[in-house]
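**Student:** Chain by chain, the residues run as shown.
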Amino acid sequence: MNLNKELFTKSEFILSFIFLGYFLFATLQEHNFVLLYFLFVSTFIFANIILVLVLLLVTKSKKIKFDERDKFIETKSYRNAYISVIAIINIIIIYSIFDNNIFQPFILFSSLFSTLFISNIVLNLTKIFYYKRGV
Amino acid sequence: MKNLPLTNNIRKLRFNASEMTQQELADKLNVSRQTIIAIEAGKYSPTLELAFRISEIFKVSLEEVFQYTPTN
Numbered sequence: 000m001n002l003n004k005e006l007f008t009k010s011e012f013i014l015s016f017i018f019l020g021y022f023l024f025a026t027l028q029e030h031n032f033v034l035l036y037f038l039f040v041s042t043f044i045f046a047n048i049i050l051v052l053v054l055l056l057v058t059k060s061k062k063i064k065f066d067e068r069d070k071f072i073e074t075k076s077y078r079n080a081y082i083s084v085i086a087i088i089n090i091i092i093i094y095s096i097f098d099n100n101i102f103q104p105f106i107l108f109s110s111l112f113s114t115l116f117i118s119n120i121v122l123n124l125t126k127i128f129y130y131k132r133g134v
Numbered sequence: 000m001k002n003l004p005l006t007n008n009i010r011k012l013r014f015n016a017s018e019m020t021q022q023e024l025a026d027k028l029n030v031s032r033q034t035i036i037a038i039e040a041g042k043y044s045p046t047l048e049l050a051f052r053i054s055e056i057f058k059v060s061l062e063e064v065f066q067y068t069p070t071n
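So the protein lines, in turn, are chains A and B.
Just so you know, we're using numbering that gives the first Met the number 0 here: the first sequence kicks off at 0 and counts up by one.
Just so you know, we're using numbering that gives the first Met the number 0 here: the second sequence kicks off at 0 and counts up by one.
Check each hint, because a few of them may be wrong.
So the derived label-pair ranges between C-beta atoms look like this [as the list claims (entries may be wrong)]:
#1 A:Ile17 x B:Glu39: 31 to 37 angstroms
#2 B:Glu39 x A:Asn99: 30 to 36 angstroms
#3 A:Ile106 x B:Met19: 55 to 61 angstroms
Simulated from the structure, these hints should not be mistaken for laboratory data.
Just so it is clear, the structure is predicted and the values come from calculations on it, not from any experiment.
For each residue, glycine too, the CB sits at the ideal point set by N, CA and C.
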């Protein structure tokens, strides 16, 4: 039996959204560079462990097929995620013209990590959109 | 929903082929059932290779499976 890949995309989307919130909340509480790095690594590992566990539970007796439609949707999603990363980096660069405080390592690192989370959200949102609307 | 200029008779051909299910067709084509559902609903235009493989399974010409109706 094949499992709907929409389900995986939705679970990944919800997880990345929750962890972006957790990451932002945690970084706003503590302005410590080492703690920030530790938080990012722990969040990343924790998110992936949960995702793997969820996928293992859901796919216990089912197999997933990855065909040409999925490849096509994935290509479009990665394009949008790439565009979002470039757009956010450009916004940060333009913002740095007006405010030099952004060059502090803490702010730079937290904005870089948030960019990665946001691009992941864009990736999954695009996938959900194309699975619903069609390509 | 996106309207594609490609229409198809897959549903009709499946029923003519001893009521073949979407899952059976998907297994023969080595794609997911969701892809067959999307093609039948006109939400996805398959690649030429997949289109030829579909017509080969039903033993009909490509034109009998897919019709192109240009939209303005």
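**Student:** Taking the hints in turn, state whether each one holds.
**Tutor:** Hints versus structure:
A hinted range of 31 to 37 angstroms for the beta carbons of A:Ile17 and B:Glu39 is consistent with their spacing of about 35 angstroms. Under the hint 30 to 36 angstroms, the C-beta atoms of B:Glu39 and A:Asn99, about 58 angstroms apart, miss the expected range. Here the CB-CB span from A:Ile106 to B:Met19 is close to 60 angstroms, well matched to the stated 55 to 61 angstroms.
Going through the hint list in order, the structure does not satisfy hint 2, though it satisfies all others.
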